[in-house]
Amino acid sequence: MAEAMLGPEPSRRNFLNWFLSTTAGAFLLSVIYPVSRYLVPPKVEESTSRTVTLSVKPAEVKPNSGQIFRFGSQPAILVRTPAGELRAFSAVCTHLACIVQYRQDLSHVWCACHNGHFDLNGQNIAGPPPRPLERFAVNVRGDQVVVSKGA
Amino acid sequence: MFMNEGQHWAKLWHWLDERLGLTDIVKLVRKKEVPVHRHTIWYYLGGMTLFLFMIQVTSGILLLLYYRPSAEEAFESIQFLMTSVEFGWLIRSIHSWAANLMVFTLFVHFFSVLLLKAYRAPREVSWLSGMGLLALTLTFGFTGYLLPWNELAYFATRVGTEIPGSVPLVGPFLRRLLRGGDDVTGATLTRFYGIHVAILPALTTLFLGLHLFLVQKHGMSVPPDVERSGGAKNMMPFFPNFLLRDIVGWLTALAILAALAGYFPAELGKKADPFQPAPAGIKPEWYFMFMFQTLKLLPSYILGIEGEVIGIVGFGVAGLFFFLVPFLDREEGQRWSDVLTWIGLAAIAYMIVLTAIGYLVSPTK
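As given, the protein sequences belong to chains D and E, one line each in that order.
Just add 5 to the spot in the first sequence (first one is 1) and you have my numbering.
Just add 36 to the spot in the second sequence (first one is 1) and you have my numbering.
Rather than coming from a laboratory, the hints here were simulated on the basis of the structure.
Don't take every hint at face value.
To be verified - In silico EDC-like pairs for lysine to aspartate or glutamate, Cα to Cα no more than 16 Å straight-line: (1) K48/D - D261/E; (2) K48/D - D219/E; (3) K63/E - D53/E; (4) K269/E - D53/E; (5) K62/D - E90/D; (6) K153/E - D261/E.
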């Protein structure tokens, strides 16, 4: 008899506990969701240009040298091989994204950050880089160097 | 009624005591004792780290008055600070050197607590909060390094944010979150600035509060070998005996700091240029050198997995291992406890050797 009288009491407590905790949970979610979305930076339109005309003239690039140029929002490297051929690669090292440079003493591409070496075809030949550098096509049109992505 | 000066002070003390409960605090301070034994010297390292942290807070606030957190102005504002602002070079050099000293004393504190096994029950939470403070300090160092927006800072951040980027699955998302975009840009600088001057200080205050509270609650841990030989023979009152010795340590740290800042002012280098190759000889802060050197030495592939992924996951597992040490080193089993000591010593040896290699090997080889 006494138990039957006490019966409704805990269930009311249970209901209130459930009600309060779901309210608190919903409140927390409504705070956490916008804040976590806020922390993620919005997507910025990536440059879709697949071709770039460099400001440098072909004659100004000496054999056995390299220089960085801007390909859209990314750095790329223009190399003239000791044999005189112009080549272009992404300048972002495939290891941990440092910017590579041309080493005249080695006649190939090198990354200073973790000592990664790439040959004149962009192949990773020594050090930690796991993949070759992306290669771009180079065309000389009269007095202009035009670099383009993909073939 | 005529009162002499002593009575004035007594009256003020009484007034404050009634409102703030000063007598209770005095009782608490008088009661606190520090065990004296052959390892007592290691008890000073935590306090020294705290002292250097206070210097960081003060000098950091002063730097805020001139610093401008944008890619266009950051470098120039520090150039102005270093050349035109009176004692600007001193404040920045103190901030830079105290950061290094603080990381050093923190590492010594960490390893001394590890080897003296001060993490044992009931001090597990003290250990966990300490590990949290270690992680926060290294994040302070990493985010602060970018703020001058110079060449070194730029590439250190490119590499540093690329590292979580190579974690399987969540990597690319983490990298974007850290950089505030796909590349390291002015957006990254602003983000790091916010983390460095607001988020980390707030979190550090919480962790430090908990850490210090627990040190008061549990008192100093007595190392197992001292315990086995019958415990500490003597106790030293914290106030004033231990505190005065503490202050000697702080003054020593301050003297070293002043000498370093005065004779070797912080450098600024060249402004960051996202379209210039990484300079030869580029390296991170010394306390990241052992990780940097490991990543440099790992081959591109190990058992078909990219070397850097192995390295990064390895450091993650090692960090987790040290984080969980109190739960791995239970009372029973002296032998297992000795194994943990040897692992700690091996970690110290590894860090020292790899750091030395990092500084001695020619960067172009």
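Contradicted hints - numbers only
1 and 4
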